[in-house]
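S.K.: Letter by letter, the chains look like this.
There are 2 protein chains.
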Amino acid sequence: MKNHIGVIDSGVGGLTVAKEIMRQLPRESIYYFGDTARCPYGPRPKEEVKAYTLQMIRFLDQFHLKALVIACNTATAVVLKEIEQESPIPVIGVIDPGARAALKETKTGKVGVIGTIGTIRSGAYEKALNRLNPKAEVYSLACPKLVPLVESGIHDKEYAFRIVQESLQPLQDLPIDTLILGCTHYPFLTDIIGKVLGERVKLISSAEETALELSTVLYYRGLLREREGNEKPKHKLFVSGDPTVMDEMASTFITDSYRIFQADLGN
Amino acid sequence: MKNHIGVIDSGVGGLTVAKEIMRQLPRESIYYFGDTARCPYGPRPKEEVKAYTLQMIRFLDQFHLKALVIACNTATAVVLKEIEQESPIPVIGVIDPGARAALKETKTGKVGVIGTIGTIRSGAYEKALNRLNPKAEVYSLACPKLVPLVESGIHDKEYAFRIVQESLQPLQDLPIDTLILGCTHYPFLTDIIGKVLGERVKLISSAEETALELSTVLYYRGLLREREGNEKPKHKLFVSGDPTVMDEMASTFITDSYRIFQADLGN
Chain V
1 MKNHIGVIDS GVGGLTVAKE IMRQLPRESI YYFGDTARCP YGPRPKEEVK
51 AYTLQMIRFL DQFHLKALVI ACNTATAVVL KEIEQESPIP VIGVIDPGAR
101 AALKETKTGK VGVIGTIGTI RSGAYEKALN RLNPKAEVYS LACPKLVPLV
151 ESGIHDKEYA FRIVQESLQP LQDLPIDTLI LGCTHYPFLT DIIGKVLGER
201 VKLISSAEET ALELSTVLYY RGLLREREGN EKPKHKLFVS GDPTVMDEMA
251 STFITDSYRI FQADLGN
Chain L
1 MKNHIGVIDS GVGGLTVAKE IMRQLPRESI YYFGDTARCP YGPRPKEEVK
51 AYTLQMIRFL DQFHLKALVI ACNTATAVVL KEIEQESPIP VIGVIDPGAR
101 AALKETKTGK VGVIGTIGTI RSGAYEKALN RLNPKAEVYS LACPKLVPLV
151 ESGIHDKEYA FRIVQESLQP LQDLPIDTLI LGCTHYPFLT DIIGKVLGER
201 VKLISSAEET ALELSTVLYY RGLLREREGN EKPKHKLFVS GDPTVMDEMA
251 STFITDSYRI FQADLGN
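Heads up: the sequence lines are chains V and L, in that order. For reference, each letter of the first sequence is one residue, going 1 to 267 in our numbering. For reference, each letter of the second sequence is one residue, going 1 to 267 in our numbering.
Treat the hints with care, since some could be wrong.
Unchecked claim - Straight line, CA to CA, 35 Å or less: simulated DSBU-like cross-link-like pairs of lysine-lysine: (1) LYS127(L) to LYS19(L); (2) LYS46(V) to LYS232(V); (3) LYS157(V) to LYS135(V); (4) LYS202(V) to LYS46(L); (5) LYS145(L) to LYS19(V); (6) LYS104(V) to LYS19(L); (7) LYS127(L) to LYS232(L); (8) LYS135(V) to LYS232(L); (9) LYS232(L) to LYS46(L); (10) LYS127(L) to LYS66(V); (11) LYS107(V) to LYS202(L); (12) LYS66(L) to LYS195(L); (13) LYS50(L) to LYS202(V); (14) LYS46(V) to LYS135(L); (15) LYS50(L) to LYS104(L); (16) LYS236(V) to LYS107(V); (17) LYS81(L) to LYS157(L); (18) LYS195(L) to LYS81(V); (19) LYS232(V) to LYS107(L); (20) LYS66(L) to LYS104(L); (21) LYS236(V) to LYS135(V); (22) LYS50(V) to LYS127(V); (23) LYS66(L) to LYS127(V); (24) LYS202(L) to LYS236(L); (25) LYS66(V) to LYS157(L); (26) LYS50(L) to LYS145(V); (27) LYS157(L) to LYS110(L); (28) LYS19(L) to LYS157(V); (29) LYS202(L) to LYS110(V); (30) LYS81(V) to LYS46(V); (31) LYS19(V) to LYS157(V); (32) LYS66(L) to LYS157(L); (33) LYS46(L) to LYS135(V); (34) LYS157(L) to LYS110(V); (35) LYS135(L) to LYS234(L); (36) LYS50(V) to LYS19(L); (37) LYS236(V) to LYS202(V); (38) LYS46(L) to LYS236(V); (39) LYS110(V) to LYS236(L).
Please keep in mind that the hints were generated in silico from the structure rather than gathered at the bench.
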């Protein structure tokens, strides 16, 4: 029986999406793959991102997935279209949900996007926003320091604040009223980003919006788990690198129980 | 060519949904039917609501619709499931989008719902919320005075504030952090409801969330209009009653241009 949600990411960032799925859809079980051995994907050439992403998908294919979430903006920008066309199950990326939510939220039509160099260079958010609304004004900014900041664990809050402030400086004088956190690592920094930009800018979390979109897609396909009783879902996390880092992150962040495994992608 | 979005409602309330569709999807054209001659549907028996709704759908069927939005909570609660199963085009109701968005927004899992007597009596929101999250605590309240208040035009703001305050009194001591405006008329009262309940309660507009869901559904079905150029969409509003009331409401509220027609449902 097809029953699990596959979630793939270059590393731990996609845990923000997994956590949101657990929160918004607490009956569903998640099989997560984090390619921690080769994280980050942001600076890598397209062909490499594509090859790595397909390896993760092939690995999760051995389980009974009913939907796949590409919880990595870089991978979504590079490979979503292709995978969508070939996949027998629904495939949800993290870019369009954020774009749609931003167009719902903005009052002025002026939307900011922050992301990795790869995501911003791809222009994927501009395309998604302007395909829906050609008049939307999009201001994009690559913030290459934020993923390493999150991956390092954010132990020093003052240091983190300074890095975020420096990274977002170019946005300060722009007329945006909405900012898409265009990288699944960034929700770990939501509070700090909110303080730096103030209340005038509404933050859109790709993680929250992607989980909402998954909920919608499963509903229309009749794939939601509507079990009676209180059987808890069984989550599994697979990593290509050392499981310790993933376990540290997940154990402080994920409240559902899960099991963690190291997995060989065979390359 | 299937190109238009059908939107149906018991009266003018669905204009909040139509307006949100125009805002979030400015390339799409809308064919709206408001059954103003027989509004409100809220207090009517199920069979009547069903018959009236099917008449509106049959009327709009003569045009080339690519999707249908039932922009009326009462009609969604009574007839959506049946129509969904028989319709060759996607049908979007206003209840599930609000329920999903509320589960995204709530931090405490305690969600309030206000609606017409018919919507609240149907238990449709509780069902939608608990199907996704059995632990969500739902507090429902029928507010029969609010639709007539909106339909009357809200000319006296102080009077409107007093009616809203009285209607929402039973919610004041409840621990909810999120409130679903479970009637498409209510977004006309968003500011007043916000003042009455204060900042602790996040308001979910069925209108905004339904337009977002339409955007998502059209995307996954490959039905979004992605025209080049700046050709403006042509909206049409049909009413079963006197077009003057609809035109008054629409002309102050809808910024896109539209044409209005009186239509006979042949009953």
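S.K.: Quick one, are LYS50(L) and LYS104(L) close enough, alpha carbons at most 35 Å?
M.R.: holds (31 Å)
S.K.: Would you mind confirming whether the straight-line C-alpha gap from LYS157(L) to LYS110(V) stays at or under 35 Å?
M.R.: holds (31 Å)
S.K.: Checking one constraint from the list: CA of LYS157(V) to CA of LYS135(V), max 35 Å. Satisfied?
M.R.: Violated: LYS157(V) and LYS135(V) sit about 38 Å apart, past 35 Å.
S.K.: Sort out whether LYS81(V) lies within 35 Å of LYS195(L), counting only the CA atoms.
M.R.: Cα-Cα ~45 Å, so violated.
S.K.: Taking 35 Å as the top limit, are the C-alpha atoms of LYS66(L) and LYS104(L) close enough?
M.R.: holds (28 Å)
S.K.: Does LYS110(V) sit within 35 Å of LYS202(L), going by the straight-line distance between their CA atoms?
M.R.: holds (23 Å)
S.K.: Could you grab the alpha-carbon distance between LYS50(L) and LYS202(V) and see if it respects the 35 Å cut-off?
M.R.: violated (40 Å)
S.K.: Under the criterion that the straight-line Cα-Cα distance not exceed 35 Å, is the pair LYS50(V), LYS19(L) satisfied?
M.R.: This hinted pair is violated, its Cα atoms lying about 40 Å apart.
S.K.: LYS46(V) and LYS232(V) were given as a pair; does the straight-line alpha-carbon distance stay at or below 35 Å?
M.R.: With Cα atoms ~39 Å apart, LYS46(V) and LYS232(V) exceed 35 Å; violated.
S.K.: Is it true that the CA of LYS104(V) sits at most 35 Å from the CA of LYS19(L)?
M.R.: holds (12 Å)
S.K.: Would you check the hint for LYS135(L) and LYS234(L), treating anything up to 35 Å between C-alpha atoms as holding?
M.R.: violated (44 Å)
S.K.: Going straight from one Cα to the other, do LYS50(L) and LYS145(V) come out at no more than 35 Å?
M.R.: Violated. LYS50(L) to LYS145(V) sits at ~57 Å, over the 35 Å cutoff.
Hint violations for this structure: numbers 2, 3, 4, 5, 7, 9, 12, 13, 14, 16, 17, 18, 21, 25, 26, 28, 32, 33, 35, 36 and 38, all remaining hints satisfied.
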